[in-house]
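Trainee: Spelled out from the first residue to the last, the chains are:
Protein chains: 4
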Amino acid sequence: MLFQRFEAKGLAHYSYLVGDGNQAVVIDPQRDCDVYVDTAAREGLAITHILETHRNEDYVIGSVELASQTGAQVLHSAHDELDYGYGGRIAEGEVLRVGRLRLEPLHTPGHTLGHMGYLLRDPSGWPWVVFTGDALFAGDVGRCDFYGPDRLEEMAGLLYDSIFNKLLPLGDGVILAPAHGSGSACGTAIAERPWTTIGLERKHNARLQHADKASFVAHVARMLEYPPYFRMMEKLNLEGAPLLSSILPPKPLSAHEFAAEAVHARVLDTRMELAFTAAHVPGALSIWHVGVPGWAGWFVPYDKPLLLVSEGNDPWPIVRDLRRLGYDHITGFLSGGMLAWHTAGLRSESIATVTVQRLCGLLDEGMEPWILDVRSEDEVRHTPIPGAHHIHLSHVQERMSEVPQDQPVYIFCGSGLRSTVAASLLKRGGWQNLTVVLGGLEGWNSVSCPLP
Amino acid sequence: MLFQRFEAKGLAHYSYLVGDGNQAVVIDPQRDCDVYVDTAAREGLAITHILETHRNEDYVIGSVELASQTGAQVLHSAHDELDYGYGGRIAEGEVLRVGRLRLEPLHTPGHTLGHMGYLLRDPSGWPWVVFTGDALFAGDVGRCDFYGPDRLEEMAGLLYDSIFNKLLPLGDGVILAPAHGSGSACGTAIAERPWTTIGLERKHNARLQHADKASFVAHVARMLEYPPYFRMMEKLNLEGAPLLSSILPPKPLSAHEFAAEAVHARVLDTRMELAFTAAHVPGALSIWHVGVPGWAGWFVPYDKPLLLVSEGNDPWPIVRDLRRLGYDHITGFLSGGMLAWHTAGLRSESIATVTVQRLCGLLDEGMEPWILDVRSEDEVRHTPIPGAHHIHLSHVQERMSEVPQDQPVYIFCGSGLRSTVAASLLKRGGWQNLTVVLGGLEGWNSVSCPLP
Amino acid sequence: MLFQRFEAKGLAHYSYLVGDGNQAVVIDPQRDCDVYVDTAAREGLAITHILETHRNEDYVIGSVELASQTGAQVLHSAHDELDYGYGGRIAEGEVLRVGRLRLEPLHTPGHTLGHMGYLLRDPSGWPWVVFTGDALFAGDVGRCDFYGPDRLEEMAGLLYDSIFNKLLPLGDGVILAPAHGSGSACGTAIAERPWTTIGLERKHNARLQHADKASFVAHVARMLEYPPYFRMMEKLNLEGAPLLSSILPPKPLSAHEFAAEAVHARVLDTRMELAFTAAHVPGALSIWHVGVPGWAGWFVPYDKPLLLVSEGNDPWPIVRDLRRLGYDHITGFLSGGMLAWHTAGLRSESIATVTVQRLCGLLDEGMEPWILDVRSEDEVRHTPIPGAHHIHLSHVQERMSEVPQDQPVYIFCGSGLRSTVAASLLKRGGWQNLTVVLGGLEGWNSVSCPLP
Amino acid sequence: MLFQRFEAKGLAHYSYLVGDGNQAVVIDPQRDCDVYVDTAAREGLAITHILETHRNEDYVIGSVELASQTGAQVLHSAHDELDYGYGGRIAEGEVLRVGRLRLEPLHTPGHTLGHMGYLLRDPSGWPWVVFTGDALFAGDVGRCDFYGPDRLEEMAGLLYDSIFNKLLPLGDGVILAPAHGSGSACGTAIAERPWTTIGLERKHNARLQHADKASFVAHVARMLEYPPYFRMMEKLNLEGAPLLSSILPPKPLSAHEFAAEAVHARVLDTRMELAFTAAHVPGALSIWHVGVPGWAGWFVPYDKPLLLVSEGNDPWPIVRDLRRLGYDHITGFLSGGMLAWHTAGLRSESIATVTVQRLCGLLDEGMEPWILDVRSEDEVRHTPIPGAHHIHLSHVQERMSEVPQDQPVYIFCGSGLRSTVAASLLKRGGWQNLTVVLGGLEGWNSVSCPLP
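Residue numbers (the working numbering), protein chains in the order written: chain A, 1 to 452; chain B, 1 to 452; chain C, 1 to 452; chain D, 1 to 452.
Each hint should be verified, as a subset may be incorrect.
Heads up, the list lumps identical chains together, so a pair's fine if it works in one copy or across two of them.
[Unchecked claim] Taking lysine to any residue and the SDA-like style, the derived pairs with C-alpha atoms no more than 25 Å apart in a straight line are: (1) 166 / 204; (2) 9 / 100; (3) 9 / 38; (4) 203 / 121; (5) 203 / 2; (6) 304 / 71; (7) 203 / 100; (8) 9 / 317; (9) 203 / 106; (10) 203 / 171; (11) 9 / 254; (12) 9 / 354; (13) 203 / 95; (14) 9 / 21; (15) 213 / 301; (16) 166 / 236; (17) 9 / 42; (18) 213 / 389; (19) 9 / 195; (20) 9 / 123; (21) 9 / 99; (22) 9 / 35.
Bear in mind the hints are in silico, worked out from the structure with no lab data behind them.
Take the sequences, apply the hints, and build the full model.
Mentor: Following this line, the structure appears as structure tokens:
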């Protein structure tokens, strides 16, 4: 018997491989799906079915890719109104047998209308694990706002019924297997605990403490941020994404080749904040490598070739992360990194940084900086920066004009990473007098210096 | 936050790495402990403490090894009567903080007197995971017979209290993290489900359905098999096992070198049943590679050098498995395998095999074979073989004399693997007329042929 | 600067990656070409050209595959008469620059009419390495018989000119980089030394000791064995082989599924000789795993699905080896191996084996066996077996009728491996009374027992 | 037959594994010697002997380590005057057989008095490969200055005899297998070609064009740089280095722990030039990761604990490189890198950088910078910087006082990497007004801007 979880780090996306006897099923596969094929083969299991809990909007699902490598059948929810370009349907009431195990579909609408959970029964027939997709997470529930503000309460009500009437009654001891963990764009409050149970959620999930329907609906019926790349994910997941074998890997480019291609491409620099601010290709967008899965979808367009700058000559982890977001047109990377750029005599740009000690000194000296805080609403609410102007990083691009060009702008986030992303956006927009605060608010709070 | 389980396959031994902030703790480490060091370093965590739930008897614990590589402190139960040669003590009531997490010792005697569980609380202080060592498994409870028949009921009573009064009250939603999974020598009924919860065990663990103390004690107070290697494990785990760096790896030996060394050594052949029966070094013990962790401790002595025969030139997985059982004196392996043996013109021996079809034919023809069934009591009870003589594989060595030398002996197990182990023991003891039934009882039951 | 050789083991095929600056070239790539892409990217090199020394006939060249992953241009010999379905042409006299290095084509006909060598000059312009394809190997020269007996002498003469007038004059110190090493089907006498030079070959290559043209031609103008798969290789290499991404990997099959598919497929069993002879799927062809690249092309048809049996559940190395020979229709493998077959109660077959000691005893007792020697002409010439009937393994299939069905046949090769291949062919042809001699002639010669 | 070269990158140290039959020999092993043990075991070879060409001074030889893992015998030159703490002796005239191969010691003094080459003969007895240690490299010869200026000419004369009378006569076709490749501290002119031959060297090695003894001696008898760590290498290689298993790996340290330990330790920061100059732990030494093997020995003391800062949490490649230089007291690394440092609110320092475009502009504006050129003599001779003050990086530490503190200092090297090392040394020495020129002279020469 095999029950294995796979995590697409950064996306905090969980997928599952369940097998018994000679057969296996994958639930919500990631696009780079060798992991399932290899694991299953090593265990002597043939992957026969691929289950999607719902049409995902935050990553490219690997169903078509995995089906092409295994011949497995993709099954979508029969309760869904969507017109998929691939796969079949499965409805609550049917049973999928995997060796001695049983997978029972549970129609659990709320996040989407057709959303499906799957109850896994062990060989004795007992409820053991429930795959909850984007209905119920550790510490959070799925968002209900995809059908717009008009249907917000309706969807929240459906979600209440799904959770309180279908999932929680399975019993406190049942293990929860959601589609996302902490860090995902699909929940604002997903808890860090990597494994959880119905019982832990019933007791400790803050959303579920609103146990009557009206209170729950009032609590969760909120319109949330909608990153621009979601639209592309929906399209790809509905039609079926291109096979990875049809996509050319990025080429190593010399500095001069890179500079020539950069004219009609976007440049994404995935080095850390210090290296980027010190020097970067003019016009480059900064997203530190770990932040790529979470932030690329906000700022990287789909209609231009993409060029990469990283430390070293190993762009593959970034390429994999970007392909999970449907960026298939990554044409090159800077061979030899910024060192090659500089030894080629090409012009680079820099952005100022300041340590919290130095900033403290400047404030003491009477400087009156314009402070831009790019943290999230929740962070700001929790620890506000007095006098700061708040624009969440996700909105910096469209609200740029609120930032002054004629006075020093000091950019704060939690650590200095998101500040650098914001600085790269502003710099590209023409802003010059930008300073990233190293260590961000966490660093600031570690020293004893009052903000103005 | 990091919560990761590591499985020593074959032993079905589970260990755990728990980390937060900059710090990590390992619970019941395996002897080859690079996995913890590497994982922790990659996450930027310093391993500061090593917790043992109890003095293990079925494998060599890696505490001394891991401490030597990290400087971490080993902590044994303060409720234990044992005189350890290394490490310190921790008692119920104390708390071990790991970043924002808390580990709370729970004195849970029954398997041993000092047995310790550990409750892991999440950053909010809620009970999240409980490490139950050998007190409570999926589908089973720890054995209570290590202090002998006189104290059997006392220990079973302690175990009842530990489980029913300390562990179950933690709540159905708490995740169970035991020291063993299905396949371990530490439980006869451990369920296959690789993850479980207090709730699932409370409901479905057959042992726990005996919910009053007297009934529970009556049910679990049984003397079980005690493999000879347990004695060595106890000694090594009490004194602290030698560091792996002090042990020479086995040498690749030519066939003639191997033959010369074999005179004063034991030969262990880890190939599959077909290859072994076809030809093997005279006197070799057969244990198919996957069976080594479970069976080597029964048959391989500690006081002789050990030589290995395998397919190919990669003895390392077997060496690792054997070192987990304290076999540190593995002096060589047969370079080039049996092919090298035969091309060197050295003499090999073989053991007859029979397919179930052929055996069926022989029975039809009136042959009256002496059938040796080496399966376990439970298997025999469940599907007996009429007319067979039953000696569990673990007892074949001392009960050899019950097997006749003057008539054909057909050996059955479930599949043919354990039969081959038994055949190798008998062959070495001088028995000649041995036949392994390929496919074993499972194969037999798949064809329609009545046993005599 | 990068100069790296890659070996496709078993095929003993060498390919080369040469890079400098930002650019790299691959010479005669293998079909599974990730190794070049990964290595080049790690070094920051873009693969811009793929050179073929000639239309290969012993493996599927990876040019089309590699071009599809890199956009590199494939270059064939401009001196070739072949009508390739892909790529461009390059002629002697042109120069390919790779950073500071230069690759100079050398038209070196003899093995084929268009055969091309490539001289690599170092940054100072000195001759450094010469890629000789199938013109000149360590210890051997390329075969000249592909255009038939009528043109044998013509081709041998061309080869003489290529070697003596173009390659040797490059200087003794130049490093030789041929397309094959010891063990290849492309030379009968390739020396074991994995690296060699013009100087070593000039002095020690036995073929080159025939230093006048007439003597050389007389010596090398021989018709050699032509394995049936060569025809398919030629076709694939002319047209361009299918992309690997278009091929389904084999499925893990349960024993019953395997048995059902085997009815209309060929079964290839890659276990070692002992395991195969002990029990195998009826009708299976035996080729021990290391022997697959060398022998599959002789016996495995292209027009049937192929099923695999191996030790364990890891068929990938075999699948890779088979795909290098163009076997793209491998539909499944036996999940769980022969153990699964037997526990499913399915019928297996076996072939007798004998140790040399036992055979010696039988001869002493007066047995008069029919001995089949399946070694090569060269081996037989060097150490003949008195009284044996010689049929080289490559001809066993078509000369089966020479083997008697009515008396015991003992099969000899060097070690017992090829004997088992031969036995599996004969068994499939209906022969019953077959015995494989374990250890083969090497084993026999290690004991003191006279052959009859 | 096995002939495999292993490269310790950065050190450009080559070692060799030669095997045949069942036996193998290693020549000049690196300290982290798993590679030999694993490769040999996989091939079924027992390593029986370890040969040292000479007492190395530029890296810790792995002989003691490898002997401890294999039981192999270490053999030093019998012609050596040194009093080794381990191993035996071998003299010219003796023969070491490895299966069918022969290794013949060649006493080849010059680099050291006892220096030994080894001629490898193939199974036919022909000279095939010659291991030349530090006597003869691709493009260079070994240095002769280790016995001081008084014996310089004597040693150079010995080297002449070794090369011209023992090595070159082996024949142009013999493959050269030296102890170092391009980039090693053991030769100032080692050519890039990774493989070479006697013939290529005889023709193209500039040193060997001085073919009469007097001319050769005059040419090579030069006192060269002697890095301070050589003394430690000599000691360790004479006594035998500590076993790696006796050394604790570095601990992941939180920023505050790191800061506390840094008080009595040296900090080595291995990030690239941009990240280091942007912000670093006060007092840290910069050596970019690839430069560690070549530069650490100049600047890192042996008598202090060493702390590491790198990108990410993977210090192992650097730890391995440092251990190869005998740095065994690496006590910790900064978990989470500089981001953790800044979020902990700790103070960092920075160093100014300038692009060549900006510097050009400053010069246009009339700035008169003090330019420090830290390139090697050879580089400076080849492309001098007018007006620059030259101090090779290796001497910056002792010649610091030549650098002014009261005016802007612009530091040039080839690319900006060594400039950053120099800047970190000066900064630690109290210099403040330092600017690293990004891209260095290579970048400068790529733009059209005249130096003052």
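Trainee: Indicate, hint by hint, whether the structure satisfies it.
Mentor: A quick look at each hint next to the structure:
{"no.": "1", "hint": "166 / 204", "result": "both (18 Å within a copy, 21 Å between copies)"}
{"no.": "2", "hint": "9 / 100", "result": "between (31 Å within a copy, 22 Å between copies)"}
{"no.": "3", "hint": "9 / 38", "result": "both (19 Å within a copy, 18 Å between copies)"}
{"no.": "4", "hint": "203 / 121", "result": "both (23 Å within a copy, 14 Å between copies)"}
{"no.": "5", "hint": "203 / 2", "result": "between (29 Å within a copy, 22 Å between copies)"}
{"no.": "6", "hint": "304 / 71", "result": "between (33 Å within a copy, 19 Å between copies)"}
{"no.": "7", "hint": "203 / 100", "result": "between (32 Å within a copy, 20 Å between copies)"}
{"no.": "8", "hint": "9 / 317", "result": "both (11 Å within a copy, 24 Å between copies)"}
{"no.": "9", "hint": "203 / 106", "result": "both (22 Å within a copy, 23 Å between copies)"}
{"no.": "10", "hint": "203 / 171", "result": "both (12 Å within a copy, 10 Å between copies)"}
{"no.": "11", "hint": "9 / 254", "result": "between (30 Å within a copy, 23 Å between copies)"}
{"no.": "12", "hint": "9 / 354", "result": "neither (31 Å within a copy, 37 Å between copies)"}
{"no.": "13", "hint": "203 / 95", "result": "between (30 Å within a copy, 24 Å between copies)"}
{"no.": "14", "hint": "9 / 21", "result": "between (30 Å within a copy, 19 Å between copies)"}
{"no.": "15", "hint": "213 / 301", "result": "neither (40 Å within a copy, 67 Å between copies)"}
{"no.": "16", "hint": "166 / 236", "result": "neither (30 Å within a copy, 51 Å between copies)"}
{"no.": "17", "hint": "9 / 42", "result": "both (23 Å within a copy, 14 Å between copies)"}
{"no.": "18", "hint": "213 / 389", "result": "neither (37 Å within a copy, 66 Å between copies)"}
{"no.": "19", "hint": "9 / 195", "result": "both (15 Å within a copy, 22 Å between copies)"}
{"no.": "20", "hint": "9 / 123", "result": "between (31 Å within a copy, 22 Å between copies)"}
{"no.": "21", "hint": "9 / 99", "result": "between (30 Å within a copy, 22 Å between copies)"}
{"no.": "22", "hint": "9 / 35", "result": "both (14 Å within a copy, 20 Å between copies)"}
The structure does not agree with the numbered hints 12, 15, 16, 18 stated previously, though it agrees with the rest.
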